[in-house]
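Protein sequences appear in the order of chains A and B. Okay, so the first sequence: first residue is 3 according to my numbering, each after it adds one. Okay, so the second sequence: first residue is 65 according to my numbering, each after it adds one.
Since the hints were derived computationally from the structure, they do not count as laboratory data. These figures come from a predicted structure and were not determined experimentally. Each residue gets a CB set at the ideal place from its N, CA and C atoms; glycine is no exception. Please note that a few of the clues may not be correct.
Stated by the list, open to error - Only part of the chain B face toward chain A is listed, based on derived beta-carbon distances under 10 Å:
| no. | residue |
| --- | --- |
| 1 | V314 |
| 2 | E505 |
| 3 | Y544 |
| 4 | K548 |
| 5 | L662 |
| 6 | I942 |
The primary structure of each chain is shown beneath.
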Amino acid sequence: MIRIKCPYCGERDHSEFSYGGDASIEYPSLEAPQEDWVKAIFFRENIRGVQKETWHHLNGCRMWLEVERSTITHEIKSVKPCHPDYTKIVENKQ
Amino acid sequence: MSSQRIDNFGKINRDKELRFKWENKNYFGYDGDSLASAMLANNIKIVGRSFKYHRPRGIMSCGVEESGGLVTIGVGDKKDPNVRVTSQELFEGLVASGQNAFPNVNFDLGSVNNYLSRFFAAGFYYKTFMGIPPFEWGRGTSIWMFFEKFIRNAAGMGKNSRLPDPDVYEHANDFCDILIVGSGPAGIAAAKEAVDKKLDVILVEQDNLIGGDQLSDNDFDTDTAFKELQNLGVRVMKRTTAFGLYDNCVLGLIERVTDYNTSIDKELPRQRFWIVRAKHIIVGSGAFERHIAFNNNDVPGSMTVNASKHYLNRYGVLTGKEIVIATNNDSVYLTAEILANAGAKVTVLDKREKIDLKFNRNNFEVRNGVVPYKINGSREIKSLDIADSVNSKYKKIDTIQCDQVLMSGGWSPAVHLLSHRGVRPEWDSENLCFLPGEAKENITMVGSARGIWGKEDCIKSGTAGALDALNRLGISKTNYFFPKEGGWKNAIEPLYEVKFNKSRSKSFVDFQHDVTCDDVRLAHREGFISVEHLKRYTTLGMANDQGKMGNIIGLSLMADLLEKEIPEVGTTTFRPPFTPVAIGALAGRSVGKHFMPLRTTPMHQWNLDHGATMIEAGLYQRPWYFPKTNETISEAYIREATTVRKSVGICDVTSLGKIAIQGPDSTEFINRIYTNPFAKLPINKTRYGIMLRDDGLVLDDGTCWRLSDTEYFMTTSTAQAGRVMSWLEELLQVRWTDLKVNVTSVSEQWAVAAISGPKTREVLNQCLEDPSVISNENLPFMGFTSSELIGGIPCRIARISFSGELGYEIYILADYANKMMDILWNAAKKFNGCLYGLEALGALRVEKGHVTGAELDGRTTIDDVGLGKMASNKKSYIGSAMRKRGVLSSEDREKLVGFFPANKKDTFDAGTIICEKNNIKGYGIGRVTSVTHSPELGHWIGLGFIKGGMERWQNTTVVGSDLVRNKEMEIRVVSPHMVDPDGKRMYA
Ligand SMILES: [Zn+2]
């Protein structure tokens, strides 16, 4: 079982979270042409190794997290809030 | 075989007799017996029939690797098939019966298969696809399906009761620093060392007693060992199997809470499924003794050597009178001596020509350079033919009278748990076994699971294992070393199969699945040479013992055939569970009405009290219809929908998702997520909106209300409420981090009633403190206001209509839900109003052509459902770039239409496929998604999709093909807006 250290709630089972998607995607602006959106939505690397992904602490604090996880070993290298301001909240809590 | 209980041996409590039933006969054993030892004490020889050939089988081991003694325990709904007699504790009143046999295990008609064995060789199941072997008679699917019935009937050992499981199971969670699997010498040593360093230690033991292999030592005191560990602070979990090892040192455990004693506390669950999260795992899971493949090696009375020692020293059962021990290693000699001391006549056949060991030669006979060749006897062992080996050709030299043959072909460390983590074991050509590979995670193997045979060395390895854990956890830095693997004085020699030199033989590799050496050779001949193919083709190692005893013999045979070494052939990967786990334990308490969480609205009881029949809508219980006496569902919903159109009706719509959106950038946010413009929505106005996904398809629809410059209130569909909430959070936290907006789910805080029909305003006038707030002037269509119900109960009223009639939705704090319903209902009754449920709601919205989840199914665009007008061209929003991409703007898209039966008397159902006349085939050109009887029109109507939509098909007749109900009907394509298309009533 993957265990994710939520910066707000602590280390929890992955069943509390829901997987989001590729965290390395830079979403184009809403005005951007269709080609940019097609690339952002449908084209994905199939990474063997560490990838950045988003997880939602659905049954916890509901924070969206950016997680670096190895697709080979499931080892989690880092976890941080997706929203930069939330990092401050988390640091204040500690 | 002639097994019996003897005095002066064993640790059972002979003062406490326990009665049990086997195959309808009464027997007794003692407190402390396993079912296996009690059966052996009663000299029960045949305990089961083999899988394919129905050969008689006896007890072959003393542990979880058992492949002969599989029985059914219990009767009726308590029936539990495929229980290993070796792991089942005896309890008072235990009822056991044989399986895979008719009429019983002693006389089994299925044993005729023994003579038809050429039909049942490896791959027999797959070959039935090609016709009945060996003639391939009757190829094709139908003959296979015919044959399959018989295969299925013959397959599988025990049968389930097919009754609901009466037992209760529960889930439990725990944490610890170090979890140790196995309470053998190594596990106990590791526990003591770790707890000495003040760590939180759990020690898991599948047996009911701790000690592991020491339980077969005559001088080991399990109670003292248990108390010592407890006093030290080790948390010992007995009767608990570590069945799976997962990421991050998470272990799945099954604790058998009442399996061994059905009479204790009825409040306790049968089993407990534990998930334990440890920081480090130490595995001292022991090793399995292997058997030897030779002709008829499965006759009742054949057993592993160590099992016999176990039965003697733990249970006081001597398993034979004239015992032959066949070996290739040193581990058997202590057992030989003990068995001889207990009164058995013992002969050891050692494959090795010469060994150097000290033992009392007067006690038993040793014959070197000799191997077992063939067991004579079918229901019990009568004698054993033995052979010598010259250049690996075996030649019979003698026959020994005996009633038991014990086998030891070497030992295999139980590397299963490590294998669960994907760590491949490594072949040790000196000790002839697979040793655990190096784990990168925090897992340490100790004891004989590490390939260390001697007890003293096992203890040292346990201590070293604990120090290894401490070092890896960064708690201490101590030097340690593990003893070398092995530990026998004389080298083991390979002995996997004693090949029979006549054509037909039954040398079993895998007892439980009846896989013989010849089957392995057949698989090789037919090209199934990879280990994974060999496994699946022969089913070697696929029975519920998972090849704990036989796998390596199979590998060695394949290695021989391929002229390779065993490690080049490989080993199969073990997967969880280590031993079978009851599905009930995995389900835990999530059964029956607890299968899913149940959501009810705050007026749930009110609805029930007023006669509602409920229906599940997602997790919600919602009123389906409110039948009057003797009314059917159709009669009820038609009456309800008619009442709404003619007068007034009230419906609980609380299950809608509700989200509060607050912050200075709320308007910008809202404007980006809906397709239609929201920037200019005035305060106190609500707007129906559509949200798309990134890929341009419709996500959800709902309303959004502007409460102030910076605050909105959003409703979503019941089905998508959770998803929309997560989506908004994602947008704000991941994508648009510059927007200052906060979203909060308030779904549970508000209760909502929809009230609709021409009399609605008159009804509401009686319910409000200030009725003027809802006049047409003060509250026009799509307006909302904050007001008070009579009695001063604050509420929000929105003029929204899903039914197409004059309609309002009343939002109230959840605690006042019942009060609101009372107020509304008392007033509505005066106008001959009704309460209506989901079915009437559906009828009303289908008449109006309003879409719901049946149409917004994640495959449709906003244009497909005819709401293209709501997609703004003046702004960009989520999905705007993508909604017209490629196929999504094709002329051939299926578009929303209404359907009438051509013959007004016809009915149709959702799921009906729409085809062109005279061209009824394939996927058709459309589909029906929602249907209802229309009270307004007096016949059935439907919504659905058709290629090209209204432009192409309006007023033409097509054919509806319902493959489920096997009917066809002519259908006319009409506008989806079937009642009051101009919406005059809503604006009234
Ligand atoms: Zn959290």
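Margin query: Check the structure against each numbered hint from earlier and tell me which ones fail, lowest number first.
Written below: 3, 4, 5
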